[in-house]
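Protein chains in written order, with this note's numbering: chain A, 5 to 118; chain B, 815 to 925.
Just so you know, these hints were derived from the structure itself, not from any lab.
From a predicted model like this one, the values you see are computed outputs, not experimental measurements.
Any given hint could turn out to be false.
[What the hints assert, rightly or not] If we take Cβ atoms under 8 Å as the criterion, some of the chain A residues that face chain B in the derived model are: (1) PHE14; (2) TYR52; (3) GLU56.
[Said to hold, decoys possible] Using 30 Å as the maximum straight-line C-alpha spacing, the simulated DSS-like pairs for lysine-lysine come out as follows: (4) A:LYS61 x B:LYS884; (5) A:LYS61 x A:LYS13; (6) B:LYS870 x B:LYS840; (7) B:LYS870 x B:LYS884; (8) B:LYS884 x A:LYS18; (9) B:LYS883 x B:LYS870.
Yeah, the Cβ is synthetic: ideal placement off N, Cα and C, and Gly gets one too.
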Amino acid sequence: NAGVTQTPKFQVLKTGQSMTLQCAQDMNHNSMYWYRQDPGMGLRLIYYSASEGTTDKGEVPNGYNVSRLNKREFSLRLESAAPSQTSVYFCASREDRASAGELFFGEGSRLTVL
Amino acid sequence: SQQGEEDPQALSIQEGENATMNCSYKTSINNLQWYRQNSGRGLVHLILIRSNEREKHSGRLRVTLDTSKKSSSLLITASRAADTASYFCATDSGSARQLTFGSGTQLTVLP
Chain A
5 NAGVTQTPKF
15 QVLKTGQSMT
25 LQCAQDMNHN
35 SMYWYRQDPG
45 MGLRLIYYSA
55 SEGTTDKGEV
65 PNGYNVSRLN
75 KREFSLRLES
85 AAPSQTSVYF
95 CASREDRASA
105 GELFFGEGSR
115 LTVL
Chain B
815 SQQGEEDPQA
825 LSIQEGENAT
835 MNCSYKTSIN
845 NLQWYRQNSG
855 RGLVHLILIR
865 SNEREKHSGR
875 LRVTLDTSKK
885 SSSLLITASR
895 AADTASYFCA
905 TDSGSARQLT
915 FGSGTQLTVL
925 P
């Protein structure tokens, strides 16, 4: 019973490098989300996907792109990493019932950009 | 911008005491949720309260919601050292199926 799986768990990048964070869920959820967590700021939504084939910007989308590959997988790409993107990234999913439902989170991907 | 703001930012209590955390928000909501995060881990859902509910219980957790004051509180009774974690409120305003999180309360329960 894996739930939401994120890879990698840790990554160190140099400024300007690119990378993709992978996320997969096995709960047949329609909605998937990417958040970043910074000290003292809680979680901020980067992008979300309400259903397969759709993606929308959240609060802090600049510098990121996403792909909803299929119903299970939602990836987050940093095209040219910057030190300001040093953060912990969380993927989450949710059963798409209108105005209800808890989020299920992965364990996080800790990214450092030097 | 964050919808929910928790208070206090940090709370330290002795094992066996009750812990109360508060959350204030700005706009109307469909429901409010509380999550827990152990150090270095992902968030785990604790409880959801809908906008037409005033109080909800789950084990040692009690959540209240006052929509007129746009506030909620989470009470953990008879706390244990294992309750040490960060607690976040999250509001669901129904728009685009997003949850907006506050900055959290760091609870430390001393044995």
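Inset, instruction - Take the C-alpha atoms of LYS884 of chain B and LYS18 of chain A, compute the straight-line distance between them, and say whether it is at most 30 Å. - result: 43 Å, violated
Inset, instruction - Would you mind confirming whether the straight-line C-alpha gap from LYS883 of chain B to LYS870 of chain B stays at or under 30 Å? - result: 17 Å, holds
Legend entry - Given pair status - LYS884 of chain B, LYS870 of chain B, alpha carbons within 30 Å: Given pair LYS870 of chain B, LYS884 of chain B holds - Cα atoms ~16 Å apart, limit 30 Å.
Inset, instruction - Have a go at the PHE14 of chain A hint: is there a Cβ in chain B nearer than 8 Å to its own Cβ? - result: 11 Å, violated
Legend entry - Interface hint for GLU56 of chain A, Cβ within 8 Å of any Cβ on chain B: This interface hint is violated because 14 Å lies over the 8 Å limit.
Inset, instruction - Quickly compare the C-alpha distance for LYS870 of chain B and LYS840 of chain B to 30 Å and report which way the hint goes. - result: Holds, because 21 Å separates the two Cα atoms, which is no more than 30 Å.
Legend entry - Restraint status (C-alpha distance of LYS61 of chain A to LYS884 of chain B at most 30 Å): Measuring from Cα to Cα gives roughly 26 Å; hence the hint holds.
Legend entry - 30 Å limit on alpha-carbon distance, applied to hinted pair LYS61 of chain A and LYS13 of chain A: 24 Å, holds
Legend entry - Status of the hint placing TYR52 of chain A at chain B (closest C-beta pair under 8 Å): 6 Å, holds
When the structure is compared with the earlier hints, violations turn up for hints 1, 3 and 8 and for no others.
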